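There are 2 protein chains.
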Amino acid sequence: MTIHYPNGTRSSYCAQNLPKIQANTFSNRGMRLEEALNESNQYYLTHQLAVVHKKPTPIQIVHVEYPKRSAAKIKEAYFTQASTTDYNGVYQGYYLDFEAKETKNKTSFPLKNFHEHQIRHFENCLAQSGICFAILWFATLQRCFLLDAHDLIMAWRNQAAGRKSIPLKTIEKNGIELTLGIAPRIPYLAGVDKLIRKETHDG
Amino acid sequence: MTIHYPNGTRSSYCAQNLPKIQANTFSNRGMRLEEALNESNQYYLTHQLAVVHKKPTPIQIVHVEYPKRSAAKIKEAYFTQASTTDYNGVYQGYYLDFEAKETKNKTSFPLKNFHEHQIRHFENCLAQSGICFAILWFATLQRCFLLDAHDLIMAWRNQAAGRKSIPLKTIEKNGIELTLGIAPRIPYLAGVDKLIRKETHDG
Numbered sequence: 000m001t002i003h004y005p006n007g008t009r010s011s012y013c014a015q016n017l018p019k020i021q022a023n024t025f026s027n028r029g030m031r032l033e034e035a036l037n038e039s040n041q042y043y044l045t046h047q048l049a050v051v052h053k054k055p056t057p058i059q060i061v062h063v064e065y066p067k068r069s070a071a072k073i074k075e076a077y078f079t080q081a082s083t084t085d086y087n088g089v090y091q092g093y094y095l096d097f098e099a100k101e102t103k104n105k106t107s108f109p110l111k112n113f114h115e116h117q118i119r120h121f122e123n124c125l126a127q128s129g130i131c132f133a134i135l136w137f138a139t140l141q142r143c144f145l146l147d148a149h150d151l152i153m154a155w156r157n158q159a160a161g162r163k164s165i166p167l168k169t170i171e172k173n174g175i176e177l178t179l180g181i182a183p184r185i186p187y188l189a190g191v192d193k194l195i196r197k198e199t200h201d202g
Numbered sequence: 000m001t002i003h004y005p006n007g008t009r010s011s012y013c014a015q016n017l018p019k020i021q022a023n024t025f026s027n028r029g030m031r032l033e034e035a036l037n038e039s040n041q042y043y044l045t046h047q048l049a050v051v052h053k054k055p056t057p058i059q060i061v062h063v064e065y066p067k068r069s070a071a072k073i074k075e076a077y078f079t080q081a082s083t084t085d086y087n088g089v090y091q092g093y094y095l096d097f098e099a100k101e102t103k104n105k106t107s108f109p110l111k112n113f114h115e116h117q118i119r120h121f122e123n124c125l126a127q128s129g130i131c132f133a134i135l136w137f138a139t140l141q142r143c144f145l146l147d148a149h150d151l152i153m154a155w156r157n158q159a160a161g162r163k164s165i166p167l168k169t170i171e172k173n174g175i176e177l178t179l180g181i182a183p184r185i186p187y188l189a190g191v192d193k194l195i196r197k198e199t200h201d202g
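Chains as they are written, first to last, in numbering that gives the first Met the number 0: chain X, 0 to 202; chain B, 0 to 202.
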């Protein structure tokens, strides 16, 4: 892979994807979940419906070279753990925060896809009245759900006592299924609308 | 500089600061504006007052090595331009979005510190009812202001016709001066409260 600096959005976008080397495909077009979400975010941005971005992958830089007449070159760096989820932004005055994960499983979503720091971040954001959720992609089933972070946190915090995964049946019951489209490919704002209505009713 | 992977928050935090090699000091303690803000964000997070994080510096990765029994090592990467501002998060249901900049000037804040993509991002976030602002640090004067993004955008968009900087007098009049403290070092939420009250009155 030899992409040279400087270049456009496309390449920095590739760079952000690199750390997660996944063979999983997203739909028959061989696109990945993250790409589909980035395209959806771009659609929402362009149509002034929401401003949501994926955060850059956090990198710890150890050594940088500054060649004459060309861009600074990072010669040594490592991937570091994020302290937040991957996506956040604003939608009609609401703070949105989410994580997107996929599984090949057919009957449940493994909780090992989520990490303590993400769960804690969700808890912190919910305490500030943020709208928090996970986008769960069942790659084999080709089904996509939006799950309220409250449900995810409960399942995650109960792992020790109970299941290590969330049954598909539970997700079907408590989550919001998203029908994939062309543009946006993952119309998650439709799910967010339902989530907001639910939160407002619960509150 | 030889920090080795894996390591804690502190180092990834250093990594995030590295790209901007600035000799500017923040107060007599030789700390920088960004560090002061990160500490303030940490304070707000710990005290459950707000969840605000600096976004990682976007990097375009070209070459990664995967040594046996040790962490993946990035061997070639470049800094890329962000498409957003540096800080965002949630505070009492409000989406916060801001950029922090400093100047050694004593009478005005140069607009060259801000870039088209940041201004456009502010406009997009304001259209979604986000709370957007700049934190302006006059390093020589040791004075810190929170300036509503509306004011910044107006000054920035009028550059061609008018001034290339915002006079301190204008910032004193339209901005909110922040009195620096120990914890949080930059108590910007006090300014945000005023901004929210203003927005609510204006709306």
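Please keep in mind that the hints were generated in silico from the structure rather than gathered at the bench. Errors might be hidden in some of the hints.
Which copy? The list can't say, so a pair holds if one copy fits it or any two copies do.
Stated by the list, open to error - Simulated pairs of lysine to aspartate or glutamate, EDC-like, Cα-Cα distance not exceeding 20 Å:
| id | residue 1 | residue 2 |
| --- | --- | --- |
| 1 | 74 | 64 |
| 2 | 72 | 198 |
| 3 | 168 | 34 |
| 4 | 53 | 85 |
| 5 | 74 | 33 |
| 6 | 100 | 176 |
| 7 | 67 | 38 |
| 8 | 54 | 33 |
| 9 | 163 | 150 |
| 10 | 54 | 85 |
| 11 | 111 | 122 |
| 12 | 172 | 34 |
Bear in mind that the values here come from a model prediction, so they are computed numbers and not experimental data.
Measure nothing new, just compare the shortest in-copy and cross-copy C-alpha distances for residue 53 and residue 85 to 20 Å and report within, between, both or neither. both (5 Å within a copy, 13 Å between copies)
Should residue 100 paired with residue 176 be assigned to within, between, both, or neither, using CA atoms and 20 Å as the limit? Classified as within; 15 Å inside a copy, 43 Å across copies.
From the Cα coordinates, with 20 Å as the cut-off, is the pair residue 168 and residue 34 best called within, between, both, or neither? neither (27 Å within a copy, 46 Å between copies)
Checking residue 54 and residue 85: alpha-carbon separation at most 20 Å within a copy, between copies, both or neither? Both. Shortest intra-copy (5 Å) and inter-copy (10 Å) distances satisfy the 20 Å Cα cut-off.
Please sort residue 67 with residue 38 into within, between, both or neither, judging by C-alpha distance up to 20 Å. Cα proximity of residue 67 and residue 38: none, with 36 Å in one copy and 35 Å across.
For the identical chains here, do residue 54 and residue 33 meet the 20 Å Cα criterion within one copy, between copies, both, or neither? So residue 54 and residue 33 pass the 20 Å test inside a copy (12 Å) and across (18 Å) alike.
Should residue 74 paired with residue 64 be assigned to within, between, both, or neither, using CA atoms and 20 Å as the limit? both (7 Å within a copy, 11 Å between copies)
What label fits residue 72 with residue 198 when the C-alpha limit is 20 Å: within, between, both, or neither? Neither: 47 Å inside a copy, 43 Å across copies.
With 20 Å as the alpha-carbon cut-off, assign the pair residue 172 and residue 34 to within, between, both or neither. Neither: 27 Å inside a copy, 45 Å across copies.
Can you give me the call for residue 163 and residue 150, within, between, both or neither, at a CA distance of at most 20 Å? within (14 Å within a copy, 51 Å between copies)
At most 20 Å between alpha carbons: which applies to residue 111 and residue 122, within, between, both or neither? within (18 Å within a copy, 38 Å between copies)
At 20 Å max between alpha carbons, let me know whether residue 74 reaches residue 33 within a copy, between copies, both or neither. Result: close neither inside a copy nor across copies, 27 Å intra and 24 Å inter.
When held up to the earlier numbered hints, the structure conflicts with 2, 3, 5, 7 and 12 and fits the remainder.
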